[in-house]
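Peer 1: Please build the complete structure, drawing on both the sequences and the hints.
Sequences listed follow chains Z and W, in order. Per this note's numbering, the first sequence starts with residue 1, numbered consecutively. Per this note's numbering, the second sequence starts with residue 141, numbered consecutively.
Dumping the calculated BS3-like pairs for lysine-lysine here, alpha-carbon to alpha-carbon at most 30 Å:
#1 Z/K140 / W/K237
#2 W/K438 / W/K288
#3 W/K451 / W/K242
#4 Z/K122 / Z/K140
#5 W/K375 / Z/K107
#6 W/K529 / Z/K122
#7 Z/K107 / W/K529
#8 Z/K122 / W/K513
#9 W/K242 / Z/K140
Hints are computed from structural coordinates only; laboratory data are not their basis.
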Amino acid sequence: MHAGTVYRAGTASLHFDRVHNMENEVTKPGPLLRRACVPVALALAAFTGLAHAQSTSGTVSPQQVRSWAAACASCHGTEGRALPGSPVPGLAGRPAADLTARMKAFKSSGAQNVTIMHQIAKGYTDEQIAHLSAYFAAVK
Amino acid sequence: MQRREFIGALGASAMAGSLAGCATAGGSASGAKVVVIGGGFGGATAAKYVRSWSNNTIDVTLVEPNANFISCPLSNLVLGGSRRIEDLTVPYDNLVKRHGVKLVRDIATAIDPQKRTVTLGNGTVLPYDRLILSPGVDFLLDEIPGLKQPGAGDRILHAWKAGPQTVALRRQLEAMRDGGTVAISIPVAPYRCPPGPYERACQIAFYLKQAKPKSKVLILDGNPDVTSKGALFKKVWAEQYGGMVEYRNQHKAVDVDVATQTLKFEVQDDVKADVLNLIPPQSAGSIAVKTGLATANKRWCEVDFLTFESKAVPNIHVLGDAIQIAPGMPKSGHMANQHGKVAAAAVVALLSGRPVDAHPLYNNTCYSFTSDKDVVHVASVHRYDAEKKTMVTVDGSGGLSPAPNALEGTYAQSWANTIWADALA
Numbered sequence: 001m002h003a004g005t006v007y008r009a010g011t012a013s014l015h016f017d018r019v020h021n022m023e024n025e026v027t028k029p030g031p032l033l034r035r036a037c038v039p040v041a042l043a044l045a046a047f048t049g050l051a052h053a054q055s056t057s058g059t060v061s062p063q064q065v066r067s068w069a070a071a072c073a074s075c076h077g078t079e080g081r082a083l084p085g086s087p088v089p090g091l092a093g094r095p096a097a098d099l100t101a102r103m104k105a106f107k108s109s110g111a112q113n114v115t116i117m118h119q120i121a122k123g124y125t126d127e128q129i130a131h132l133s134a135y136f137a138a139v140k
Numbered sequence: 141m142q143r144r145e146f147i148g149a150l151g152a153s154a155m156a157g158s159l160a161g162c163a164t165a166g167g168s169a170s171g172a173k174v175v176v177i178g179g180g181f182g183g184a185t186a187a188k189y190v191r192s193w194s195n196n197t198i199d200v201t202l203v204e205p206n207a208n209f210i211s212c213p214l215s216n217l218v219l220g221g222s223r224r225i226e227d228l229t230v231p232y233d234n235l236v237k238r239h240g241v242k243l244v245r246d247i248a249t250a251i252d253p254q255k256r257t258v259t260l261g262n263g264t265v266l267p268y269d270r271l272i273l274s275p276g277v278d279f280l281l282d283e284i285p286g287l288k289q290p291g292a293g294d295r296i297l298h299a300w301k302a303g304p305q306t307v308a309l310r311r312q313l314e315a316m317r318d319g320g321t322v323a324i325s326i327p328v329a330p331y332r333c334p335p336g337p338y339e340r341a342c343q344i345a346f347y348l349k350q351a352k353p354k355s356k357v358l359i360l361d362g363n364p365d366v367t368s369k370g371a372l373f374k375k376v377w378a379e380q381y382g383g384m385v386e387y388r389n390q391h392k393a394v395d396v397d398v399a400t401q402t403l404k405f406e407v408q409d410d411v412k413a414d415v416l417n418l419i420p421p422q423s424a425g426s427i428a429v430k431t432g433l434a435t436a437n438k439r440w441c442e443v444d445f446l447t448f449e450s451k452a453v454p455n456i457h458v459l460g461d462a463i464q465i466a467p468g469m470p471k472s473g474h475m476a477n478q479h480g481k482v483a484a485a486a487v488v489a490l491l492s493g494r495p496v497d498a499h500p501l502y503n504n505t506c507y508s509f510t511s512d513k514d515v516v517h518v519a520s521v522h523r524y525d526a527e528k529k530t531m532v533t534v535d536g537s538g539g540l541s542p543a544p545n546a547l548e549g550t551y552a553q554s555w556a557n558t559i560w561a562d563a564l565a
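Peer 2: Below, the structure written as structure tokens:
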């Protein structure tokens with residue numbers, strides 16, 4: 001379970017969380033759920049978010065960035081090279097500033113001419129986006 | 141501005157390091173032996189990426205009994221009639237020709253974790269330094285005793301591993317009379333591909349609506365409610381396939397009478413159907429269970445999410461549907477592809493004497509076709525939580541399609557082509 005279960009608003013999100021929790025083998029609620037209290041959940045979410053942001057700062061190895069970038073390949077192609085004729089754009093060799101600007105736009109403005117990237121982009125910190133943009137920009 | 145420059149500099153130095161890292165990563169790992177069992181989304185991806193990320197210096201043998209990869213994603217469209225099984229079939233040739241993976245067409249019958257060997261069906265013994273096990277799921281037939289009767293498996297199909305069963309189920313649908321009932325029995329979660337059974341209901345209804353409009357699709361779900369994309373699927377059943385699809389929750393199948401095609405449930409009354417698609421409860425592939433890796437409820441394999449190394453047995457990395465999933469992590473082909481890369485990076489690092497990545501971060505995208513063209517998705521982003529020592533979904537990320545749409549239909553086909561290529565080309 002994760003802190004988002006407790007406080008996220010909106011039926012779609014709640015449904016999404018419930019659904020995903022159902023997919024776990026361990027179904028008994030964790031201590032946070034059993035003693036659920038919104039301020040505690042929020043505080044924990046804030047703390048873990050902060051810890052997450054700090055934990056990667058300045059300590060990201062090149063192999064780590066390569067692994068992060070490989071996660072994008074499932075839709076955008078291995079090393080960000082899209083298949084010929086793909087409606088999903090490639091990422092390889094695009095200017096880092098452009099890639100970063102696109103990702104930040106996806107993060108901040110909901111769905112604008114996108115179906116999915118506004119939801120994916122919100123999972124990445126600005127620092128991670130900067131690393132990924134630099135990585136793909138350098139792919140020949 | 142200062143911060144941005146700092147980050148930019150970090151990114152640039154990271155990239156320069158990456159190139160240098162590539163050139164030297166394989167040095168000490170050269171000649172090490174990796175055996176991969178299972179050429180699905182997880183195993184094929186891991187085999188390719190271990191080769192690529194070691195500069196082709198690590199020796200990789202892929203053990204896979206099937207002649208070709210056949211994709212489970214999109215296989216429900218074969219039932220709906222808009223795809224042929226050939227459209228979802230990808231050869232393993234490129235793994236061999238382009239990446240130098242040694243392909244052995246056989247099954248793995250035993251693993252000896254002490255001697256670090258894998259025994260194949262033909263008796264060959266393969267030594268390994270690290271084993272990557274991506275065995276998919278096997279069915280718990282003890283929970284549906286009728287399926288163990290001789291011939292039962294040919295008549296009561298699961299079609300939950302794409303291939304001959306998919307084609308055979310399509311034939312059963314074609315042979316059914318107009319006015320017949322197709323029943324889909326769904327096991328209690330977790331099982332492979334949470335939205336898959338509900339997509340299947342849409343696809344069967346799509347076919348029947350055109351070919352046999354008096355017929356019915358009956359969903360008999362072992363779960364308390366639709367496991368994934370519930371509101372979206374229910375809307376489609378009501379609006380696009382009105383009257384044809386009936387959903388019943390809390391129908392946990394416990395047995396089947398093959399002769400009369402009758403399902404028996406833990407609580408509810410028996411149900412007889414003209415076509416019975418029984419998706420049995422599942423566990424990690426039997427080779428994993430047999431090797432003592434299935435430590436969670438004797439069904440799923442617990443792993444260290446930094447490396448996918450088994451928590452029970454060292455030097456064996458388990459991927460894909462076979463693992464005990466982290467919170468919010470579905471058993472999907474996309475996720476197995478992501479596992480494959482994290483495991484490949486870890487295996488290359490461990491064999492090279494380098495530290496493994498400390499901050500895994502990846503995503504899941506899962507498309508479901510509600511007709512031949514319209515699609516809905518569910519997406520999520522997952523990061524490693526060092527304190528909890530597991531993957532968690534990133535707060536605020538992920539979500540669903542607002543409604544089925546044809547644009548995402550084109551993206552779903554593109555996703556399939558791309559991920560097949562990422563794993564196999």
